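Novice: Chain by chain, the residues run as shown.
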Amino acid sequence: MQSAIEKFKTNYRLQRRIIVVLFTIVPVALLLVFSYLPLVKMIQYSFTDWDGISANSHFVGLQNYKTVLTNPQYIQVFKVSLYYFAVAILQLALAMLLAVVLSYKVKFPNLWKGLVFFPYLVNGVAIGFIFLYFYKQNGTLDTILNFFHLDSWIKLWLGNRSTNNWAIAMTSLWRYTGYNFLLFFGAIQSVDPEIYEAADMDGANKWQQFRYIMFPAIREIFLVNVILSVSGCLSAFDTPYIMTNGANGTSTFVIQTINTAFKFNKLGLASAMAIVLLIIIIIVTVIQRLATREKD
Amino acid sequence: MNQNENRREKEIAAQAVDEIPVNKHKHYTAGQIFWKVLKYAFLILVSLCTLIPIVVVVLGSFKTQAEFLHGNVFALPKSWSFENYKTAFIDGGMLEGFRNTGFILIVSMLGKIFFGAMFAYAVNRFDFKLKKPIMTLFLLAMLIPAIASQVATFQIINGMGLFDTIWSVILLNLGTDAMSIYIFLQYLREIPYSLDEAALLEGATYFQIFRKVIMPLLKAPIVTIIIISGVGIYNDFYNPLLYMPDDSLKVISTALYAFKGPYGTNWPVILAGVIIVMLPILILFLTCQKYIYNGVSGAVK
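Chains as they are written, first to last, in the UniProt record's numbering: chain A, 1 to 296; chain B, 1 to 301.
Note that these hints are calculated values from the structure, not bench results.
Relax, there's no trap hidden among the hints.
DSSO-like mimics (lysine-lysine), calculated; alpha carbons at most 30 angstroms apart, straight line:
#1 A/K9 to B/K131
#2 A/K136 to B/K86
#3 B/K39 to A/K206
#4 A/K7 to B/K131
#5 B/K39 to A/K107
Only part of the chain B face toward chain A is listed, based on derived beta-carbon distances under 10 angstroms:
#6 L43
#7 I157
#8 Y206
#9 F210
#10 S253
#11 F259
#12 L284
Which residues of chain B face chain A? A partial, calculated answer using Cβ under 7 angstroms:
#13 V56
#14 V73
#15 A122
#16 P145
#17 I270
Treat the numbers as computed from the prediction; the structure is a model and nothing was measured.
The C-beta atom is built at its ideal place from N, Cα and C for all residues, glycine as well.
Using the sequences provided together with the hints, build the complete structure.
Specialist: Next up, the structure:
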């Protein structure tokens with residue numbers, strides 16, 4: 001026995017083999033079971049009319065995909081994403097502006113940075129309530145408008161179909177600008193400060209510095225931000241779910257998918273929706289990868 | 001919260017004054033002054049937009065129902081009583097929520113660190129046949145939006161008999177986590193192999209090297225992972241919502257969400273609940289800002 005242990009201690013090839021198997025098996029198993037098995041199953045379900053409960057289901061071919069892509073009720077959710085896209089553009093612009101402003105010398109830099117970033121860390125359910133309170137009748141927004149004598153602008157922000165999607169999408173601006181800001185800020189900081197000093201000496205103005213030094217540095221992270229925003233917009237879930245539960249035309253793609261699967265027991269159809277979303281996100285990501293690679 | 005922020009502000013201000021070289025004699029041109037004013041006006045406006053929605057929640061959380069119904073949202077509460085907080089915490093079941101969230105946090109975190117570090121060590125230090133395909137699988141998995149595949153994941157969890165148990169969420173936290181592996185890998189690359197070799201010469205086994213040489217050097221990534229995925233797990237809403245509907249299993253997010261029903265019209269209690277949920281994160285943020293910034297921006301690369 002003693003000698004067996006001694007042998008093991010010096011048999012490094014055996015040790016290596018044991019470590020490779022022992023140390024990787026759990027993460028790989030988890031990855032396969034929780035990332036790839038669902039994918040395979042989803043593809044499988046998407047060609048059936050399974051309700052998620054009963055023992056049998058029928059093969060329906062591409063019927064589910066046809067429903068997702070042609071039935072107005074299901075296309076509607078793509079339109080809702082457009083509100084989130086519109087807000088995302090504003091969000092990226094604001095984040096970039098903040099990153100640029102805070103990259104120059106400014107008083108209390110940590111205070112501004114912290115205030116911009118903190119909302120990103122706040123619990124989604126809390127954000128939902130914060131903005132329910134913000135938009136409710138006689139809530140924060142109405143009170144502010146009253147203060148500026150803009151009473152005539154007041155609406156039922158979340159009840160009115162012309163404003164509810166804007167109102168909910170704007171909460172993403174509050175929540176995620178800080179995240180985009182941080183990525184931009186990091187990219188700008190990675191530029192050697194001496195380059196700016198040199199540019200200063202050569203008489204380049206602030207705009208030229210931005211255009212020729214800062215912007216090239218953040219171009220790549222800009223694409224990353226765009227991708228994150230697109231997939232974020234498409235998978236928007238918690239704020240609309242908490243604020244309106246998807247009622248009144250505010251249902252997003254994910255709310256619709258979850259409801260189709262678990263409320264209406266159309267698991268086959270829901271799987272097709274999820275696959276469509278996945279394909280869109282993969283396409284967008286591949287485009288981003290290609291665009292960044294082209295530069296190198 | 002206000003007090004905390006004030007204190008923080010003063011600290012930062014004190015630091016800033018130390019850092020900025022004083023040049024009182026410099027004269028600013030009109031243009032420079034204009035830009036300066038514009039810059040601070042912009043920053044103040046953005047800060048107000050961040051703060052106002054939260055400040056009104058703080059004010060509202062201290063009001064009585066009557067005060068709330070008849071007053072303006074910006075009006076100060078008559079007395080700073082913690083009655084609503086007590087109601088939210090005890091009757092609202094947030095105590096239970098914190099207990100469940102705490103349990104999920106600790107177990108998931110231990111799992112992430114334990115499995116993540118071991119996996120990263122094996123991948124970084126040894127060569128084996130399936131290494132490339134496995135790493136590709138991890139990379140590709142990050143493309144799959146977890147929320148989209150819930151439809152099928154639900155069937156798997158259910159098939160394992162884990163539906164409505166706390167293990168469902170813990171397992172999902174471990175199963176869909178490629179980020180901590182990448183963070184560990186990033187740091188492992190920086191640890192020179194000569195350290196391993198020196199230990200090997202002294203007759204250490206690979207297991208001993210991992211435990212006594214590598215692990216102690218991974219403190220920084222461990223802290224990053226604890227903070228970043230800790231915030232994620234603390235804020236997780238849809239996993240607990242979907243997989244643990246049982247009342248006794250509610251976590252902090254679902255406990256707060258449950259306020260929508262019984263307290264639907266009792267805004268002061270809901271607002272107190274919101275503040276209770278935000279407070280731990282605020283404290284974490286004020287104490288570990290640097291780690292959070294580094295971790296969040298590092299996770300993308």
